[in-house]
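*Asks:* Turn these sequences into a full structure, and let the hints steer you where they fit.
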Amino acid sequence: MAFLLSGINTDYKKCTKNCVHILIKITIDILLFSIDNYICKYRKNIEIKNINQKERLMKEKYKPIVGITIGDPAGIGPEIILKALGEKHIYDECRPLVIGCVNVLERAKAVLPQCSLEFNRIESVSDACFRFGSIDVLETGHYDISKLVWGKEQAAAGQIAMDSIRTSIELGLEGEIDAVTTAPINKVAIKMVGVKQAGHTEIYMDGTKAPYVLTMFDCFKMRVFHLSRHISLMNAIRYATKEHVLNDICRIDKELKRLGMETPYIAVAGINPHSGEGGLFGDEEMKEIIPAIEEARKRGINAIGPVPPDTLFSRGKNGEFDAILAMYHDQGHMPCKTLDLERTVSVTLGLPFLRCSVDHGTAFDIAGKGIATNVSMTAAIDSTVKYAKALHDAKQDENMENHDAK
Numbered sequence: 001m002a003f004l005l006s007g008i009n010t011d012y013k014k015c016t017k018n019c020v021h022i023l024i025k026i027t028i029d030i031l032l033f034s035i036d037n038y039i040c041k042y043r044k045n046i047e048i049k050n051i052n053q054k055e056r057l058m059k060e061k062y063k064p065i066v067g068i069t070i071g072d073p074a075g076i077g078p079e080i081i082l083k084a085l086g087e088k089h090i091y092d093e094c095r096p097l098v099i100g101c102v103n104v105l106e107r108a109k110a111v112l113p114q115c116s117l118e119f120n121r122i123e124s125v126s127d128a129c130f131r132f133g134s135i136d137v138l139e140t141g142h143y144d145i146s147k148l149v150w151g152k153e154q155a156a157a158g159q160i161a162m163d164s165i166r167t168s169i170e171l172g173l174e175g176e177i178d179a180v181t182t183a184p185i186n187k188v189a190i191k192m193v194g195v196k197q198a199g200h201t202e203i204y205m206d207g208t209k210a211p212y213v214l215t216m217f218d219c220f221k222m223r224v225f226h227l228s229r230h231i232s233l234m235n236a237i238r239y240a241t242k243e244h245v246l247n248d249i250c251r252i253d254k255e256l257k258r259l260g261m262e263t264p265y266i267a268v269a270g271i272n273p274h275s276g277e278g279g280l281f282g283d284e285e286m287k288e289i290i291p292a293i294e295e296a297r298k299r300g301i302n303a304i305g306p307v308p309p310d311t312l313f314s315r316g317k318n319g320e321f322d323a324i325l326a327m328y329h330d331q332g333h334m335p336c337k338t339l340d341l342e343r344t345v346s347v348t349l350g351l352p353f354l355r356c357s358v359d360h361g362t363a364f365d366i367a368g369k370g371i372a373t374n375v376s377m378t379a380a381i382d383s384t385v386k387y388a389k390a391l392h393d394a395k396q397d398e399n400m401e402n403h404d405a406k
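End of the sequence shown sits at 406 in the working numbering; the numbers just go up one at a time, nothing left out.
Some hints here could point you the wrong way.
Label-pair ranges, simulated between beta-carbon atoms [claimed, not checked]:
id, residue 1, residue 2, range
1, Y91, K209, 30 to 36 Å
2, Q197, T338, 46 to 52 Å
3, R299, G194, 41 to 47 Å
If you are wondering where the hints come from, they were derived from the structure by calculation, not from laboratory data.
Small disclaimer: the values here were computed from a predicted structure and weren't measured.
C-beta atoms are modelled at their ideal positions from N, C-alpha and C, and glycine is treated no differently.
*Replies:* Below, the structure is given as structure tokens:
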């Protein structure tokens, strides 16, 4: 009996010992697994942190390459370009280069006694130095400007302006420049060289084969879009159909999201006094505009309206909306130009690249006198930089989201 108990006791001890070994092994395995898991998470967090830091630094350091078209050389374009590029903050924020002709710029410099800028002729964007005090000029051709007259419509000026525009389109499509700022052109001079569609925006639309373009006025805290522009008021009213209004609301939403806005807040203007006041002063709102807004909201777009035009822009200038859709040219142009004529910038969205423009003409009456102000040109370059950076940052954020999803 004692022998049997002794055997059982021995087996029990062996069993207990084995169990302890097994428990120890399991505990060690669990600890090792936990440590490995912690290390993996730690490494992943460090990796994400490094990526986020890298992305942040890329955003901070990003300086877009901005191609500046020379405009009509008989107008004030070359003068205001020189004055704008004489401001150092431009070079702090972007890498500008002029697309055109050094001879034209030298001619403009001659009427600006205080201008000490130098010119760096380049054949490609890669040759540019982007150094303040020396303007990089991408030559678009060799021109005889000896007969060029200030303040006059002439084919020679139209050719220089068109060559600059076409080159900017090529560079933009090839990704050699990030954005374009355009100096003013003269439509008559452009038509003299055989261009049928002489509108500045239309030339870019045709040249890039963009399916649509949107003209946005950047003014104070307002971004004002226009349903129609260069058509008669009667035709503008006819153009304000449900289809056209809905299309523009959807396009505005799309383009603002490209600029990094998650849910753009879009205010749609009425077309009649007090937005028609229930049909008392016109029924375009009830028949066309309201149904378009309702359909847009069904599609998840944050649109409101029709907002009475007489109060819409007062609310807009305080930043209440991300965008305003005006129904016709003067409805959007007048409040912007009244608020700040010189700093209102025209932004073209829908192209493969960003384009901003001064919102004034060639000013032939003062061209060549050295008195033209560059406030609008500087504002146009500043807006170009602002929105080019917004596009870049939104793209970086999208890449980050795609990386995290993987």
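*Asks:* Each hint needs a verdict: does it hold in this structure or not?
*Replies:* Taking the hints in turn, this is what the structure says about them:
Roughly 33 Å separates the CB atoms of Y91 and K209, a value that falls within the hinted 30 to 36 Å. Between Q197 and T338 the C-beta distance comes to about 30 Å, which lies outside the given range of 46 to 52 Å. Between R299 and G194 the CB atoms are about 43 Å apart, so this pair conforms to the stated range of 41 to 47 Å.
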